[in-house]
Amino acid sequence: MSSKLISVIAVLLAFIAFESGREVRGENWPGWRGPNRNGVTSDTGVPTTWSPTENVLWKMPLPGIGTSNPVVWSDKVFVTASEGRDQGELHVICFDRDTGRERWHQRLWGTAPTLFYGRSGMASPSPVTDGKRLFAFFGTGDVFCFDLDGGLLWQRAIAEEYGPFENRFAAASSPLLFEDKLIVQCDHYGASYVIALDQQTGANRWKSDRPEVWLSWSSPQLVPSGDRIELVLSGSEKLDGYDPRTGSRLWTLRGLARECVPTPLFGHGMLFVVSGPNGTHFAIKPGGSGDITDSHVVWKNDRGSSFVPSAILVGERYYLADDKGIGSCLDAHTGKLVWRKRFGDKFTASPVAADGKLFFTNEAGSTLVLDATQAAYEELARNDFGEEVYASPAISQGRFFLRTAKNLVCVGKK
Amino acid sequence: MKWIVGCLMLVGLGGLVPPDDPGPHLAVIAKTGPQGEGSVAANVARDQLAKRGVEVLPELLAAMDTSNAVAANWYRTVYEEIVARELARDGTKWPVEFFKEYVSDAKRVGRPRRLVLGLLDKLEPAFREGWIPTRLDDAEFRYEAVGLALAAGDRALKDKDQTAAKAEFRKAFEAARDSTQVTQAAAKLKSLGESADVVQHLGLVTEWWLVGPFDAPQKTGFAKVFEPEGKVDLQAKYLGQGGTEIAWNRHHESDTLGQLDLNKQLDTTREAVGYAYSEIDVSREQAAQVRCGADDNCSVWLNGEKVFGRDQWLNGTRFDRFVTPIQLKAGRNTLLVKVCQGPQHKDPEVPNNWSLQLRLCDEQGRGIEFKPALP
Numbered sequence: 001m002s003s004k005l006i007s008v009i010a011v012l013l014a015f016i017a018f019e020s021g022r023e024v025r026g027e028n029w030p031g032w033r034g035p036n037r038n039g040v041t042s043d044t045g046v047p048t049t050w051s052p053t054e055n056v057l058w059k060m061p062l063p064g065i066g067t068s069n070p071v072v073w074s075d076k077v078f079v080t081a082s083e084g085r086d087q088g089e090l091h092v093i094c095f096d097r098d099t100g101r102e103r104w105h106q107r108l109w110g111t112a113p114t115l116f117y118g119r120s121g122m123a124s125p126s127p128v129t130d131g132k133r134l135f136a137f138f139g140t141g142d143v144f145c146f147d148l149d150g151g152l153l154w155q156r157a158i159a160e161e162y163g164p165f166e167n168r169f170a171a172a173s174s175p176l177l178f179e180d181k182l183i184v185q186c187d188h189y190g191a192s193y194v195i196a197l198d199q200q201t202g203a204n205r206w207k208s209d210r211p212e213v214w215l216s217w218s219s220p221q222l223v224p225s226g227d228r229i230e231l232v233l234s235g236s237e238k239l240d241g242y243d244p245r246t247g248s249r250l251w252t253l254r255g256l257a258r259e260c261v262p263t264p265l266f267g268h269g270m271l272f273v274v275s276g277p278n279g280t281h282f283a284i285k286p287g288g289s290g291d292i293t294d295s296h297v298v299w300k301n302d303r304g305s306s307f308v309p310s311a312i313l314v315g316e317r318y319y320l321a322d323d324k325g326i327g328s329c330l331d332a333h334t335g336k337l338v339w340r341k342r343f344g345d346k347f348t349a350s351p352v353a354a355d356g357k358l359f360f361t362n363e364a365g366s367t368l369v370l371d372a373t374q375a376a377y378e379e380l381a382r383n384d385f386g387e388e389v390y391a392s393p394a395i396s397q398g399r400f401f402l403r404t405a406k407n408l409v410c411v412g413k414k
Numbered sequence: 001m002k003w004i005v006g007c008l009m010l011v012g013l014g015g016l017v018p019p020d021d022p023g024p025h026l027a028v029i030a031k032t033g034p035q036g037e038g039s040v041a042a043n044v045a046r047d048q049l050a051k052r053g054v055e056v057l058p059e060l061l062a063a064m065d066t067s068n069a070v071a072a073n074w075y076r077t078v079y080e081e082i083v084a085r086e087l088a089r090d091g092t093k094w095p096v097e098f099f100k101e102y103v104s105d106a107k108r109v110g111r112p113r114r115l116v117l118g119l120l121d122k123l124e125p126a127f128r129e130g131w132i133p134t135r136l137d138d139a140e141f142r143y144e145a146v147g148l149a150l151a152a153g154d155r156a157l158k159d160k161d162q163t164a165a166k167a168e169f170r171k172a173f174e175a176a177r178d179s180t181q182v183t184q185a186a187a188k189l190k191s192l193g194e195s196a197d198v199v200q201h202l203g204l205v206t207e208w209w210l211v212g213p214f215d216a217p218q219k220t221g222f223a224k225v226f227e228p229e230g231k232v233d234l235q236a237k238y239l240g241q242g243g244t245e246i247a248w249n250r251h252h253e254s255d256t257l258g259q260l261d262l263n264k265q266l267d268t269t270r271e272a273v274g275y276a277y278s279e280i281d282v283s284r285e286q287a288a289q290v291r292c293g294a295d296d297n298c299s300v301w302l303n304g305e306k307v308f309g310r311d312q313w314l315n316g317t318r319f320d321r322f323v324t325p326i327q328l329k330a331g332r333n334t335l336l337v338k339v340c341q342g343p344q345h346k347d348p349e350v351p352n353n354w355s356l357q358l359r360l361c362d363e364q365g366r367g368i369e370f371k372p373a374l375p
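Going down the list, the sequences are from chains U and D. Take 1 as the starting number for the first sequence in the working numbering and just add one per residue. Take 1 as the starting number for the second sequence in the working numbering and just add one per residue.
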């Protein structure tokens, strides 16, 4: 073998080694609240402590505002944002997981900017990816589909097709992927509906009107129930179960509060539902048909409901951090209080969990790390980053991705 | 798929158009629309266009002057790619004069003009400062221009030049269409002893006859028809909520932005309906808009014809929340507005508002000239 050939092979091997090093080293965080849409990942190796000067791998400035969570797939991190006087300038940005370098950045116009919340603009909904395409929904009533190199594949201006969104804080629901469909919950003061779009073309697969619903910023959830999958939507004093293949309504549970923001969770065969402000939170059995209010409630609790942050279920325990900074741990099976603590400051971000640890990030940018392996309250760390945080974090491949009001921060062991 | 569409497009376009003509590609993108229609072909056309240099920008920007929101974004991805590439290299001959003409053409769609202004900020940084103050009549840039006039007025005041300050605030007031800027400019003028009629400027209707509350249990009020919807008789008396007799009352609203508080004017109540009636005179037939907001909801009749109604509840009165095109006739026009009040929310802390705000204006938000004509 010639020395030239050996050199070529050596270079190729080095390249392959480098590229494989860039491949996924743990779980992805493909959309709102991670791989299982519940804030929990099987990922390991995330640092327990960090600060502006400790365990920060990179930090990149973000344009405008937004509270969508970062989405991580393999070596790419995706973030959405909006800016402008009416927040009609939309951004979809892809960063390199390892260096933070901006790989691509699409700037687009939103069709129908609405009233908005000053921290989130039109970028409350988190994007979602299947590893081939990235789907981004904005409060302007636009859905965009990109390939992972940033090429636009299709756009739906659903606000133009079905009317602009009408609510105080712009649409905030994060879409989900089911089979070959992208499902978007569109609840607002105008004509509410839930719609399933073809992932390949963007065309409607089904659309189900929700005329009785006027208010929700909650995101849809998929839950198994017997031999079927149910699509669960929380909005305007009730919870609805749908068939995600057809959009037909299966059941309704009444008793939620007027404004629904948190995303329902599933675990132990139960669906955990929070609404607010100061609403009741429920554990229910999904399934059934018609009105299941009197037949499917396992337990309910009137205290500790969060208004904006979603709850989290780890093992046998169920955790909430309300907007005023009061944390609660309940027995998931009974709803009985295990402990209640003042976490400090307010919460907008939803908690996340990995490796037996819970991470609660408050609006001041301090992340409280708790031991989730034991029933007693056990604080492992409080990591102050010194920047305001309203977006839920992401955990992927041993790293903690923190979206502050101004920056995207990658925390990891150096 | 994309590859096949690309080949088909090349075959289809081959021999028909010169290779440098971006027109066919732009036309392909123009066909995108609802339901993701035309996306595959648009993707191919986009890639072709994005290979071009700045010479394609005039035609591209002309195409971006479209009301097709989907096509506009496809075009924008081309624009962004070309501009980013050309900004990164030296020696690009940018069509700066075309950009200035484009950005100054107020008849074009605002968003691509704003995009081009952002590019001019890079190519000719001094342009914006001198140009924005000239845009007082430009719907896209009016807000910034009025903001500069207000700031200039403040500076003049600081320099104790009241004459210059009055001139700047007057300029701002006349040009402003945003309600906050209108009220700001009016307040500045009034503080200097000048007159400024916000109600007239915005076309707010403040002269009303009011009647209510009619009984409408739960949320039945929107659909339930009460006597005033059949005939407005200002002398009539009706059976109101709780069996009381109710009658029309003349009301002048003195709120700065014309917001009626029906809890004060009719009754602090729930599950009810109230009506507001007005008459105005306009000098000529004209297209206009009725812009309104109500808590809990409202329906509007113009000259006896229903022009707006939205069955929504607990939504708050917001300025210009609903915009409906109307046609005013020369002479007398009548306005009847129904305002519903729903049940009290189960949370007693949720305010039990019952209110209405309504104005008549042109497409840009300047109030229609009218004379209140109520008896």
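Everything labelled a hint here was simulated from the structure, so no lab data went into it. Among the hints, a few may not be true.
SDA-like cross-link-like pairs, simulated, lysine to any residue; straight-line CA separation at most 20 Å [as the list claims (entries may be wrong)]:
no., chain 1, residue 1, chain 2, residue 2
1, U, 238, D, 343
2, U, 406, U, 160
3, D, 31, U, 54
4, U, 207, D, 313
5, U, 207, D, 33
6, D, 329, D, 261
7, U, 238, D, 31
8, U, 300, U, 287
9, U, 238, D, 122
10, D, 51, U, 152
11, D, 122, U, 84
12, D, 51, U, 207
13, D, 31, U, 84
Derived list of chain U stretches under chain D, where covered just means 3 residues or more per stretch with a C-beta under 8 Å from a C-beta of chain D [what the hints assert, rightly or not]:
no., region
14, 97 to 111
15, 145 to 154
16, 294 to 302
Think of the CB as a built atom: it goes at the ideal place given N, C-alpha and C, for glycine as much as any other residue.
- Which numbered hints does this structure break? Per hint list: 2, 3, 4, 6, 7, 9, 12, 13, 16 violated.
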